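Which chain is which? The protein sequence lines are W and B, in order.
When the letters of the first sequence are read in order and numbered with our numbering, they come out as residues 166 to 354.
When the letters of the second sequence are read in order and numbered with our numbering, they come out as residues 106 to 317.
Below, in silico cross-link-like pairs of lysine to any residue (SDA-like), each with a Cα-Cα straight-line distance of 20 angstroms or less: (1) K161/B <-> A290/W; (2) K155/B <-> C345/W; (3) K332/W <-> S300/W.
No wet-lab data here; the hints were simulated from the structure.
Bear in mind that the values here come from a model prediction, so they are computed numbers and not experimental data.
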Amino acid sequence: MEGDAQLVQLCLRGDGLAWEELLRRHTRRVFNLCYRFTGNRSEAEDLSQDVFLRVYRTLASYRAEYGGFATWLTSLTRNLLVDHYRRTRRDRVTDSLDDSLPKLEEKHSPERAPDKLALASELSAQVQTALGRLSPDLREAVILRDLQGLEYSEIRQVLGIPEGTVKSRINRGRIELARCLGEMGLRPE
Amino acid sequence: MAQNCAQIEERLSDYLEGTLEGEERRDFESHLGGCRPCALLVAQVASVLKGVHALKPLEVPHGLVSRILGATTAPKPKRKPLTGRFAWLEPFWKPRLAMGAAMVLATLLIVMQLATPAKIKKLSVLNPVDVYRHADRQAHLLYARSAKFVSDLRVVYEIQSRLRPESAPAPGQRDTHPQTPQQKSQDHDHSENGNTPMLALITPGCGEQGWE
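For reference, chain W alone in the conformation it holds in the complex (with noise of 0.2 angstroms):
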């Protein structure tokens, strides 16, 4: 199985079969960290279909020497987070999610327990509802170590700040986080 580099450089050579295996391989990953940023299910497709045209349309600024294929597309992806957030600030309502509850696996599947898929599910929500009291720049920092499980060194590149910011940032989030989900009501175990 090919490498991400070398998918990039079919697909730069017009390899359509490279481009669509790249897309299978990194689209749950983007859409997730479109919709775990902002709490809207449809705002989030929407933005995975936007990242990747705009990775279509600059796939050849890509270099392999400056970072891994999925950093740089994390790294595009925050961009565009970024400008929508800006966009859409004026019209947002911070406290409420409108549509923006995840539908997970609704069917009971016989292997699980039901308890423990709605526990699942009840969490998400909670989490999801938590992260959208965050600030942008905490949520994103969160999002990026605790849901995507990105290394420090591949958030500093990200997001473009020093190591020691990226983890000042983490730990607040997380503590607000915390705080939230206690506000809510969910306690240690």
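Go by the hints and put chain B onto chain W.
For chain B alone, coordinates are given in the frame of chain W:
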């Protein structure tokens, strides 16, 4: 070294991620043992992180990948060629040629706007002799207006330059320069009032600056 609550908050992520070691870790845990709010905060953050890390990523909405593929790799629809009466335009129906033609047309319209009378009641007005005469007249009018403007500026400048030496005489020069009786009376008036309304209009601030 004992740590306070603010320091505990700062190092909380390092503690949970296991990057605090040795004495720092002992001090941290020692504080937690004696401070209930900090202990509660650490437990809360640890629990939240455990839950968050266990969350599975959401599934991609159905059809999103297909839509993106459709938007990026689908062939662009070809324009239908012109037929019928406009078929002769087909070789010229290209963006570059259309742009050039539009610019030529815009230039012609601007030149006609300047070179022809404002109201064109009939097409006979557009004969070359009349167009030339009109354009010539417009050019002469423009020249005359510009010359008058420059001449007016000169007059204003000369007035200002003659008034300025009178409005702000140097302290040592007031007694030495011979003044006509008119100039003396003007000085007297100005020194009393501090300003002259008419001069103030032409040279703003001259009444405030040099009279004292």
